Amino acid sequence: MSTWHKVCRLEEIPLRGSRVVPHDEVSIAVFRTADDEVFALRDACPHKAGPLSQGIVHGHRVTCPLHGWNIELSSGEACAPDEGSTMTYPARVENGVVLLAL
Amino acid sequence: MQKQKLVVVGNGMAGIRTVEELLKLAPDLYDVTVFGAEPHPNYNRILLSPVLAGEMTLADIVLNDLDWYKGNGITLHTSKKVVKIDRIGRKVIAEDSTGATMETGYDRLLLATGSVPFMLPVPGNDLPGVIAYRDIADTEAMIATALTHKHAVVIGGGLLGLEAANGLKLRGMDVTVVHLGEWIMERQLDKPSADMLQASLESKGLKFLLGKQTEMLAANAAGRVCSIRFKDGAEIPADLVVMAAGIRPNSALAEASGLHCQRGVVVSDTLQTFDPRIYAVGECAAHRGIAYGLVAPLFEQAKVCANHLAQMGISRYQGSVTSTKLKVTGVDVFSAGNFTGGDGTEDIVLYDKSGGIYKRLVIENDRLVGAVLYGDTGDGGWYFQLLKEGRDVGSIRDHLMFGDAFTNNHVGDVGHAGNSKAAAMNDEAEVCGCNGVCKGTIVKAIREKGLFTLDDVRKHTKASSSCGSCTGLVEQILASTIGGAYQAADRTTKPMCGCTALTHGEVRAEIRGQKLLSLDDVFATLAWHTPDGCATCRPALNYYLISTWPHEAKDDPQSRFINERAHANIQKDGTYSVVPRMWGGLTTPDELRRIANVAEKYHIPTVKVTGGQRIDLLGVKKEDLPAVWKDLDMPSGHAYGKSIRTVKTCVGTEHCRFGTQQSMSMGVALEKMLFGMWSPHKVKLAVSGCPRNCSEAGIKDVGVIGVDSGWELYVAGNGGIKTEVAEFLCKVTTREEVLEYSAAFLQLYREEGWYLERTVHYVQRVGLDYVKQRVVADADNRKALHQRLLYALQGVIDPWRERLPGDGLPQLAAEFTPLPVPVETI
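If you read the sequences in order, they're chains A and B. For reference, each letter of the first sequence is one residue, going 1 to 102 in my numbering. For reference, each letter of the second sequence is one residue, going 1001 to 1826 in my numbering.
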């Protein structure tokens, strides 16, 4: 049963960027897109577990810094023709605070 | 909102590619209906020859299966031919084989009716056994006939005719090729190369009758064709006659509906016909007087047409310069431009008859205007580039025939075991050493996924997508697998990325001309297709902005690749490497102690000496970086950036018994001048104290070699991928001149280079003569370039030590500190 957790204030995440949240063995990357939407994904690329949090964010996608795979932030799916996905977590903003369901 | 109706007449490669491009841009704008006269979904017509030859099956060559149409909500009517366009009522009327008709209304109409084969207007041309070679039905007819009949005659000795003849021979028929012209494939080959090709095909059993004009085709008692008679009275048996004598644009429907046609449906640069609701693409369209028959121009047309159907209105098709790279029954052939020569041109010819190689280059006014290569086409792409760019080849004329590798001092591409001919490699041979992709995988992907371009292969197999030194091999594999369809991408017109149609050069010019100062300015002013770019264009644009308008443009850390944002190199496990700066490769005991202490304190697993004459600490956790920098108390080595990296030195006259100049202090002075410089790609320098060149300055972006009377300057070398020797720029006398000339050359590169071009690529593109003119001959320009570089570097910050508000550096907390463990909300 997952519950909502407070992560940070929205402005603590750089626009078109991300911050890393410790969680179990693999951290969670929380992204903030140019239109102020937030997404949370396991910080591991489906290709070779590269840290997606370090990638360039564009639109609602991030490009993994290790080998350039593009990942859809909303679904965690790699963009065609690459195949694979990483786990996503529900995330939202309420009163300027970023919340994550864990 | 109600969808508009798009009707596509024709279910071939050009029309369906347009629909694919349209779906990428505006998937919900139209209800799409496609009418195809054939009973099949869209298939790769170019691969009919391998099907005829028994190398592939019909199922292999389908590009879009029925599920694709269904999944994209496209209504497909196969075996239905559109027989009338009612432009006033805005509808088409289509007929099936029974004669039953149906009507469909349209808001926009796309004509993609392709070509009709030219059937010789001779008596008997409609007898059973006389066919064209255009579609699956023709191919199946040929395969069936080969089982029951013996004599095949192919009329037409062009590429299509030769492929048909080859396929029929392989199927066991006795084949004669009849050709009107003096030699075969006269549109791609000159006589000597055509003669060589013919000899090679004759050795496989094909027979040729050249300069022959057909008079009539005779029938036997059963009414089937049985012989072919020529105007000179000769006659040979023929159970199957294949007309491969040319194609004509299929514009009858368009003409009947009142559209302006002239050897094809006339279209504008937006692929629109004279009726603004009607577009035409592909072989049926005549653009600026040309109806293209190669697939690459048609795909370009499809992209532009889709842009306009999607109501974006910003693309323009201005025609294509084409080259032909083919594999005709095992022989490689390449041709481009005016390869027959004529008044005012000169020829350079290499003719090795027994070796099976013929190359002819046609030059006019010091420019390459045509080329034909037979047997060895490895340099085809390079000649084509020279031809398209219209580059002055006067200075390399003597080497031109020996190819790219010889002329440009390529010592080697690595990563593919020295192979330079893909045809000689077997399927298990590794083509791409970076990604471990073998030849068989590439061929399979090209066939199964219907790939046409280098970019397609890169995306689907990863081959050639990392360092790029196997690109030549991959292009050869493409050419031999898809034959006439392959068109090498033209670097000079290639868009920056998928977000725009503009090239690097055009974007740079706009940023300068319109004084654009931020990424948002660029996206808005240049009508970017995406809201905030992509991982390819954002770093490039960021560099163009800050290098064109230093101290004015906004530097966006979120648009820099992670290495530059974190000022350290990311490793495969998400840790980083730290390389402190050692000016000129010199250090002190105190620095070494600090490095050793830091390595122990932070439990850094690996300490390595780098090729750049400094030390690398590998395996540092990201959150430890700011503390590591503080404890090291050494400047950033910028080992992570598209920037100045190092200035290597050898000992020089300070100690060395051979030294003629003080190379160590010269190197340090250069490095201090260039500290913090961003550039289109990494820049590495070296200074040697004498011609023994112990610092390997000969493979550097700028190499400085001390001689007794001064310093020699070399530029555009490259030590890594594709080792390149630097070229001599000039000789100077004083240390101040070394600094001034080096700065001027690097500033020229900074202002004009395209992102990810090393200096070697930049100089190959603009020519060393141009560089010499701007940096050596024009002293005023040189001094101005030098000053502009110094201005750009004024106030440069060491990111390891300082941060100022608004300087574009990410805040330490946001970049380097993870968030705390989340707290459950109540």
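To be clear, the hints were calculated from the coordinates, so they are not data collected in a lab. All figures in this text were calculated on a predicted structure; none of them were measured in a lab. It cannot be assumed that every hint is accurate.
Unchecked claim - Distance ranges between label pairs, derived from CB positions:
{"id": "1", "chain 1": "B", "residue 1": "Glu1389", "chain 2": "A", "residue 2": "Gly96", "range": "53 to 59 Å"}
{"id": "2", "chain 1": "A", "residue 1": "Met87", "chain 2": "B", "residue 2": "Ile1143", "range": "15 to 21 Å"}
{"id": "3", "chain 1": "B", "residue 1": "Glu1623", "chain 2": "A", "residue 2": "His60", "range": "44 to 50 Å"}
{"id": "4", "chain 1": "B", "residue 1": "Lys1608", "chain 2": "A", "residue 2": "Asn95", "range": "35 to 41 Å"}
{"id": "5", "chain 1": "A", "residue 1": "Val93", "chain 2": "B", "residue 2": "Glu1696", "range": "52 to 58 Å"}
{"id": "6", "chain 1": "A", "residue 1": "His60", "chain 2": "B", "residue 2": "Thr1817", "range": "33 to 39 Å"}
Claimed, not checked - Distance condition first, Cα-Cα at most 27 Å in a straight line; then the derived BS3-like pairs of lysine-lysine:
{"id": "7", "chain 1": "A", "residue 1": "Lys6", "chain 2": "B", "residue 2": "Lys1731"}
{"id": "8", "chain 1": "A", "residue 1": "Lys48", "chain 2": "B", "residue 2": "Lys1462"}
{"id": "9", "chain 1": "B", "residue 1": "Lys1207", "chain 2": "B", "residue 2": "Lys1191"}
{"id": "10", "chain 1": "B", "residue 1": "Lys1682", "chain 2": "B", "residue 2": "Lys1772"}
{"id": "11", "chain 1": "A", "residue 1": "Lys48", "chain 2": "B", "residue 2": "Lys1207"}
{"id": "12", "chain 1": "A", "residue 1": "Lys48", "chain 2": "B", "residue 2": "Lys1005"}
{"id": "13", "chain 1": "B", "residue 1": "Lys1005", "chain 2": "B", "residue 2": "Lys1024"}
{"id": "14", "chain 1": "B", "residue 1": "Lys1462", "chain 2": "B", "residue 2": "Lys1449"}
{"id": "15", "chain 1": "B", "residue 1": "Lys1003", "chain 2": "A", "residue 2": "Lys48"}
{"id": "16", "chain 1": "B", "residue 1": "Lys1091", "chain 2": "B", "residue 2": "Lys1005"}
{"id": "17", "chain 1": "B", "residue 1": "Lys1731", "chain 2": "A", "residue 2": "Lys48"}
{"id": "18", "chain 1": "B", "residue 1": "Lys1731", "chain 2": "B", "residue 2": "Lys1682"}
{"id": "19", "chain 1": "B", "residue 1": "Lys1722", "chain 2": "B", "residue 2": "Lys1608"}
{"id": "20", "chain 1": "B", "residue 1": "Lys1003", "chain 2": "B", "residue 2": "Lys1091"}
{"id": "21", "chain 1": "A", "residue 1": "Lys48", "chain 2": "B", "residue 2": "Lys1459"}
{"id": "22", "chain 1": "B", "residue 1": "Lys1494", "chain 2": "B", "residue 2": "Lys1024"}
{"id": "23", "chain 1": "A", "residue 1": "Lys48", "chain 2": "B", "residue 2": "Lys1772"}
Note that beta-carbon positions come from the ideal geometry of N, C-alpha and C, so glycine has one too.
Okay, which hints does this one fail, numbers in order? 2, 3, 4, 6, 7, 11, 12, 15, 17 and 23
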